[in-house]
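Sequential numbering of the sequence shown, starting at 9, is according to the numbering used here.
The hints are simulated quantities; they were obtained by calculation from the structure and are not laboratory data.
Treat the hints with caution; some may be incorrect.
No more than 27 Å apart at the CA atoms, straight line, and that leaves these computed lysine-lysine pairs for DSSO-like [stated by the list, open to error]:
#, residue 1, residue 2
1, K719, K179
2, K976, K1042
3, K229, K215
4, K1019, K997
5, K684, K753
6, K399, K337
7, K1144, K906
8, K535, K716
9, K621, K535
10, K612, K632
11, K229, K717
12, K1103, K1035
13, K719, K995
14, K298, K273
15, K997, K966
16, K979, K1035
17, K484, K420
18, K592, K582
19, K420, K437
20, K719, K107
21, K1144, K1071
22, K76, K1154
23, K179, K127
24, K717, K263
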Amino acid sequence: MTKILGIDTGTNSLGWAIVDKTADNYNLLDKGVNIFQEGVKIEKGIESSKAAERTEHRATRVRYYRIKLRKIRLLRILSDNHLCPPLSQEELSTWRLKKVYPKNELFMQWQRTDDDTEKTPYAYRHKCIHEKLDLSDVTDRYILGRAFYHIIQRRGFLSNRKEQGGEDSGKVKEGISTLTHEMNEAGYEYLGDYFYALYNKGEKIRKHYTARNEHFLSEFKAICEKQDLEKELGSEVVRNIEKAIFDQRPLKSQKGQVGKCVFEKNKTKCPSSHPMYEEFRMLTFINNIKIKTPNDDVLRPLNTGEREKIMPLFFRKSKKQFDFEDITKKLAPKKMYGFYKKEEDAEMPFLFNYPMDTSVSGCPVTAALKDVFGDDWITAICETYTLGEGKSRFDIVNDIWHALYFYSDKDKLAEFAINRLQLSEDEAKIFSEISLPADYASLSLKAICKILPYLRRGLIYSHAVFLGNLCEVMPKYEWSIKEMRETIIDNIIMEMDKCDTKDKRTFEVCIKDYLKGQYNVSDNSLKKLYHPSMIETYPRVQYTNEHGVYQLGSPRIDSVRNPMAMRSMFRLRKLVNRLLVEGKIDQNTEVHIEFARELNDANKRNAIALFVKENQSANDEARKQIITLFKKETGTDIEPTDKDILKYVLWEEQNHICLYTGKQIRISDFIGANPKFDIEHTIPRSVGGDSTKMNLTLCDSRFNREVKKTKLPVELPNHDEIMERIKEWKKNYELLDIQIRKNKKLSKGATTKEQKDTIIRKRHLLELRRDYWRGKYERFTMESVPEGFSRRQGTDISVISKYARLYLKSLFNRVYTVKGIATSDFRKIWGIQDIYSKKERINHVHHCIDAIVIACIGLDEYNKLGAYYHDEENNKWYGMSKASFKKPWATFVEDIKKIQDEILVYHYTPDNMPKQGRRRIKIDGKKILCKGDAARGSLHNDTYYGAIENDGAVKYVKRIDLASLEEKDVKNIVDDTVRSIIEAAIKEKGFKDAMASTIWMNEEKRVPIKKVRCFTPSITKPLNIRKQRDVSIKEYKQQYHVANDSNYLLALYIGTDNKGKEKREFEIVNILQAAQYYRTSNDKEVVDRHIVPIKSEHDYPFAYTLKIGTMVLLYEKSPNEVWDATIKERNRRLYKVTGLSTMRMKGRNGEYAYATVKLIHNEEARPSKDIKAKNGEYEQGEEFRPAIIMLHTQLNALVQGYDFEINELGEIRRLR
């Protein structure tokens, strides 16, 4: 008998089952399901890190604080030099520390603007650039100071030169180029001049991308020069002002997050931009290429001449990546080559071991260095580097790469190139433009340098890695002498060539035996050899609990940074350790875990290959057309980049027009300098969109930046016009749908397997084309992003499966993976797919069913699967007997049907609110663990509400951009005049067209309506979080008003009145109140204080608290109903709390407050929004309700943590 544990891993679930395998069948021993919160936040189907939102808000607060510090530093200098009204040190310190803005009347007057008297910062900047001020006059000094203060308010963030390769960066650069072009067209050299001109015309100034150095620094220097400030104020003061305005703190280094090398455990992984790694990657690939020419009988490695012929392909600046076909074209005549595994290429004279469309990584950094220093770039650098004395060639190369890697400022890098590398200004500029990829290799630089010499000798990766650490294995006296070292390496390589592939010993064993026999290398020394299959893994478990039972340790390792995978791994640890403690499994239990991976059949793979080939052909044609058309239109030659090719393909798909604006697009409008049209994400990435071609279009850059932004297409006012422009896409996929249906009919009439396969392949290809056009079209019709739209979850499951297997191997002797496709196949074969499908999306039990199937798939089942499919095909094509497959046990299907009534789903919802923040800080060089406040959750919603008195009552309002106004909000507009103007515009043009056009408050004076204030009827009792800076005389306007985000807990008090009748009262604690209670500063002040009172207002005793995630067992009259019930009946009564809120209801004696509790059944897997909750208290024998909403007076339940506990195995233990 063999005990087997089957595990179905998911991003928020673990299904598990234990079976006993005998000689001829299986017995089910136990099973269950664990559900937990995913390690990421999912909102409206969009995944994001749980920390991302908090980090984003914190970053915003820090950014505002840094801006404030810069302003304070500048104001201190301006005040000291009489360039602004005097400010005391105390005023500035109070602003910095207590957030109290200086109220100095002169200072406030200095900042105020007045259009009528041209008292504006833009006018001051214009004046400072063109007029010489009299700095002996205090008014002129204040004008100069105000101009500097305005620059610091607007100067923005200077991007790091190393971080300018992303798509967003491209949009910013494009916006900056567009602004510079507009300034030049209008005849303005400086930004202040141009914006002053726009200001006078009444045009919008904001929403322009500006460059710190190009726009603001150049203007600052022009002002300094015009006003001769070095003479007037002194060079030190000017330097201090420039530093205060333009200095920027460097970004926090993330090098501590880089993983460790698998061979050199104490070394971090090498950045992929290092030239040594680029050579390592190139040689690894080249050494693995095999070719068969007409003179060869079999595939062979490349010879020296062939290697040298293809190496230049890796050093092309224009191609960071290229297709393998580029290599084949260098080594074989045109159209006389192919892939050796491809049937149609079998007769080709030249065959290779890689498909033609294999993507090959080039050496972009090395190529860029060759462009500056020449082909022998290392020698050139060594000859010119002024700090190279006494350094090796490797050290010098390392120095140059470090300069490229660590300099964040282009100008400083160019200065380094001029001073240290003796380059000309033009060469230094090219050098400073070198961009580095931001990813990392899998090995450290130390390991790479050890392996490289063997790759240079032509060894394949596995052999080179195995010999990489010979320097630590061989005797030092032999290895230190170059001649002896070279002889040893030559002898080992000769021994490798002698290794007979039929030898039962592995290659590694052969070499180890040779080293032991020839050089007397000890076994301990041989352990230092690298092994190609080494990966970071988990050490063998040594830990046991107090009863001597082995327990899994922490699953945290450097290789896994995925929060979703980590959450799943920690829950797996809890489950397995519980099973070990209960004695249900032990180290000898066989473990089966599903490996989630999409597997396609041969026909689908063939269709995918054809689809990829089609796209590649389209890209090749695009490259040719770009060269031809761009030359024809501009007279300039161009080498198209991959991005240019993508733009061209999108251009063709759109019939040369912008889908959003209808503008015609020329090829020079999107390729070359200052493109007017660029790539746009139909579904913005911020709401779950990806960067696949299906989600991309070519769009007017300004429209994308100023109108579409992060909106879905349906949210745009001209959506109908857009849909008209893409109607051809709909026709495309509808026509393909018709062809697919015809192919399905044809496949049913096929008389041979070959004929049927051909038709199926064609159908799959048509489906891929159809899915592309349909997906592209439907993205323009989506009103919201559906859950599961993102592809990421499948990747997360695969990561979980991969590392869960390694993790479990640290304890269990036998761990096997079961492919996801196999689980699906066996569900169908064993006749339970229909049962599974009914529960898959609505009931968590389907995880348990999968775990049972996984546990029952062993080597025997895999071996029999091939025979089963063979019998099935014989039955289908030749009418032979029907295929059959023995079920794991006789009543398998019947037992699977009953599982729903036999388990209680365990839900894990941690209470993070009491947890303190923990971080390590350095004090006197020592790391010390510090604890502090860390509110776990949103304290309130983001929107601030204004308060106004209306008809004697205080009502709350919010300001809305007219572009974001919804039709239902119009009736809530506060101002009667504004509301009537907007209603008239809507009546005349319709809502969408009215919002898309300008609505004038006063058309004669050209005063538009940009924003409106609207009443918010849903906000009646907002939270008051802090006082306004400028306190109003009206009490209701003195606070910041926000809406509550969520509630933390509900406390229930149950007692009796004078007549002995049960009475209930409640207390709700929101997240803000809970965060205030758990502050560390409260620890010493209120030791005995409880988060809720021990007794209620009428002295009713405390009963229990409910939090989100608390499990409850419902009863009608007595708790004994639960304890006397069967598992099936308990299952019907087990619910999870998912919502806590309050409401007011009218009674005979006025309004009464009630708490409402929303409950979801323990097996319910649908999102809350898809379940219609029914109201009312629980009654025995009632119709099953998947979701219930109860008032606090209706809730009769046993509560988790007070009346019972439920463990990871779904077992309930009574507490009282």
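Going through the hints against the structure:
| no. | hint | verdict |
| --- | --- | --- |
| 1 | K719 - K179 | holds, 17 Å |
| 2 | K976 - K1042 | violated, 30 Å |
| 3 | K229 - K215 | holds, 24 Å |
| 4 | K1019 - K997 | holds, 19 Å |
| 5 | K684 - K753 | violated, 48 Å |
| 6 | K399 - K337 | violated, 41 Å |
| 7 | K1144 - K906 | holds, 22 Å |
| 8 | K535 - K716 | violated, 60 Å |
| 9 | K621 - K535 | violated, 46 Å |
| 10 | K612 - K632 | violated, 31 Å |
| 11 | K229 - K717 | violated, 34 Å |
| 12 | K1103 - K1035 | violated, 32 Å |
| 13 | K719 - K995 | holds, 25 Å |
| 14 | K298 - K273 | violated, 33 Å |
| 15 | K997 - K966 | holds, 26 Å |
| 16 | K979 - K1035 | violated, 30 Å |
| 17 | K484 - K420 | violated, 44 Å |
| 18 | K592 - K582 | holds, 14 Å |
| 19 | K420 - K437 | holds, 11 Å |
| 20 | K719 - K107 | violated, 35 Å |
| 21 | K1144 - K1071 | holds, 24 Å |
| 22 | K76 - K1154 | violated, 50 Å |
| 23 | K179 - K127 | violated, 34 Å |
| 24 | K717 - K263 | violated, 33 Å |
Of the numbered hints stated above, those contradicted by the structure are hints 2, 5, 6, 8, 9, 10, 11, 12, 14, 16, 17, 20, 22, 23 and 24, listed in ascending order.
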